[in-house]
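Note that the protein sequences, when read in sequence, are chains R and Z. The opening residue of the first sequence carries number 257 in this note's numbering; numbering runs sequentially from there. The opening residue of the second sequence carries number 1171 in this note's numbering; numbering runs sequentially from there.
Bear in mind the hints are in silico, worked out from the structure with no lab data behind them. In this text, all values refer to a predicted model and were calculated from it rather than measured experimentally. Don't be surprised by glycine CBs; every beta carbon is placed ideally from N, CA and C. Hints are not guaranteed to be accurate.
What the hints assert, rightly or not - As a list, the in silico DSS-like pairs of lysine-lysine whose alpha-carbon atoms are at most 25 Å apart:
{"id": "1", "chain 1": "R", "residue 1": "K262", "chain 2": "Z", "residue 2": "K1235"}
{"id": "2", "chain 1": "R", "residue 1": "K288", "chain 2": "Z", "residue 2": "K1199"}
{"id": "3", "chain 1": "R", "residue 1": "K262", "chain 2": "Z", "residue 2": "K1333"}
{"id": "4", "chain 1": "Z", "residue 1": "K1319", "chain 2": "Z", "residue 2": "K1292"}
{"id": "5", "chain 1": "Z", "residue 1": "K1333", "chain 2": "R", "residue 2": "K265"}
{"id": "6", "chain 1": "R", "residue 1": "K270", "chain 2": "Z", "residue 2": "K1175"}
{"id": "7", "chain 1": "Z", "residue 1": "K1317", "chain 2": "Z", "residue 2": "K1333"}
{"id": "8", "chain 1": "Z", "residue 1": "K1175", "chain 2": "R", "residue 2": "K262"}
{"id": "9", "chain 1": "Z", "residue 1": "K1311", "chain 2": "R", "residue 2": "K262"}
{"id": "10", "chain 1": "R", "residue 1": "K262", "chain 2": "Z", "residue 2": "K1226"}
{"id": "11", "chain 1": "R", "residue 1": "K262", "chain 2": "Z", "residue 2": "K1303"}
{"id": "12", "chain 1": "R", "residue 1": "K259", "chain 2": "Z", "residue 2": "K1341"}
{"id": "13", "chain 1": "Z", "residue 1": "K1319", "chain 2": "Z", "residue 2": "K1235"}
{"id": "14", "chain 1": "Z", "residue 1": "K1342", "chain 2": "R", "residue 2": "K265"}
{"id": "15", "chain 1": "Z", "residue 1": "K1258", "chain 2": "Z", "residue 2": "K1235"}
{"id": "16", "chain 1": "R", "residue 1": "K265", "chain 2": "Z", "residue 2": "K1311"}
{"id": "17", "chain 1": "Z", "residue 1": "K1333", "chain 2": "R", "residue 2": "K270"}
Stated by the list, open to error - Which bits of chain Z does chain R cover? Going by a derived footprint, with three or more residues having C-beta under 8 Å, they are:
{"id": "18", "segment": "1174-1186"}
{"id": "19", "segment": "1192-1204"}
{"id": "20", "segment": "1219-1228"}
{"id": "21", "segment": "1261-1267"}
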Amino acid sequence: MNKELKNIKTTGFKTPDNYFDTIEDNVMDNIKLNNILNSKSTGQTIPEGYFDTIEDSVYKKITSSKKEIKVVRLFTRKNMFYAASLAAAIVLMLIVVLPSNPSFSNLELETVENYIYQESYSSEDIAALLTEEELKEVLYADSSYSDESLEDYILDNTTIEDFIIE
Amino acid sequence: MTNEKEFLIQLQSPETRERAFRELMSLYKERLYWHIRKIVISHDDADDVLQNTFIKIYRSIHNFKGDSKLFSWMYRIATNEAITQINKNAKRLQTTNETIQQTALGNLPTDVYFDGNEIQLKLQQAIAILPQKQQLVFNMKYFDDLKYKEIAEILETSEGALKASYHIAVKKLQTYLTSD
Chain R
257 MNKELKNIKT
267 TGFKTPDNYF
277 DTIEDNVMDN
287 IKLNNILNSK
297 STGQTIPEGY
307 FDTIEDSVYK
317 KITSSKKEIK
327 VVRLFTRKNM
337 FYAASLAAAI
347 VLMLIVVLPS
357 NPSFSNLELE
367 TVENYIYQES
377 YSSEDIAALL
387 TEEELKEVLY
397 ADSSYSDESL
407 EDYILDNTTI
417 EDFIIE
Chain Z
1171 MTNEKEFLIQ
1181 LQSPETRERA
1191 FRELMSLYKE
1201 RLYWHIRKIV
1211 ISHDDADDVL
1221 QNTFIKIYRS
1231 IHNFKGDSKL
1241 FSWMYRIATN
1251 EAITQINKNA
1261 KRLQTTNETI
1271 QQTALGNLPT
1281 DVYFDGNEIQ
1291 LKLQQAIAIL
1301 PQKQQLVFNM
1311 KYFDDLKYKE
1321 IAEILETSEG
1331 ALKASYHIAV
1341 KKLQTYLTSD
């Protein structure tokens, strides 16, 4: 093999087949898509002359409510001191009085399962504990939709632009 | 493209813009692609950079004053975009540009879009070790066969400095290739 630089005429790089055939279309598509995405207009408009009058209307409101209002601080130094010492006392009490009380966060799932199993709750009992909102959610999660209704939903609620952006 | 000025007018007027721009792409896509590919090494990066380059050209064609040739101007944009891509990759992987190029080269032997032999691979490794300016000059002069005057316009430096860079680069590459 000849190692002279002058004998190497190509780099050895290749492109996928027909890569160069589609570049123009790809670039034009990209430019058009970018134009859509970059036209930052939301379609919202404002009443004519809105910005010309805004200073006046704001100033009018400022001058008409010029009464001095006394500000009462919600947290004074003294109140904060009382609240803090009370909170500290409660925390201390909880630590001392309830050293190893179980809480929901450290309950084993198995323990809960065993409890429910042994106490023989019926599904009605459990359902009674749930709110109507929660039940609704459960129902939705289980229901299956027919193809027609899904198709209708997509047709009614999405536009072709959504898919292009995707 | 016989008359660059006329072509430029077509590119800058809204009615003829798209057709003229498509023609521009067809004329330059392959040259720009290979120029970019030699800088970024992998096809995927080259594809991204080529598209970005054309988009940038399309957006800023109305600012093109004709001080330089259209061709050098596009080459300059492509060069900058390619270097930006390497910088971006380096930033994303939190490493240096040199490491990025070394990694790209490390992937070459298994790259489906590289069918070079051992010595071509070795040349790519040698080029990657050169300072960036020498890499650019060498590739443009040796593989793209551009004139010093054109390269000087693209890289905005003097012809004298380029000639020196090129000769240093060739010497280094020759030494690297013949050493074992």
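* **Earlier hints that do not hold, by number** => 1, 4, 6, 8, 10, 15, 17, 18 and 21
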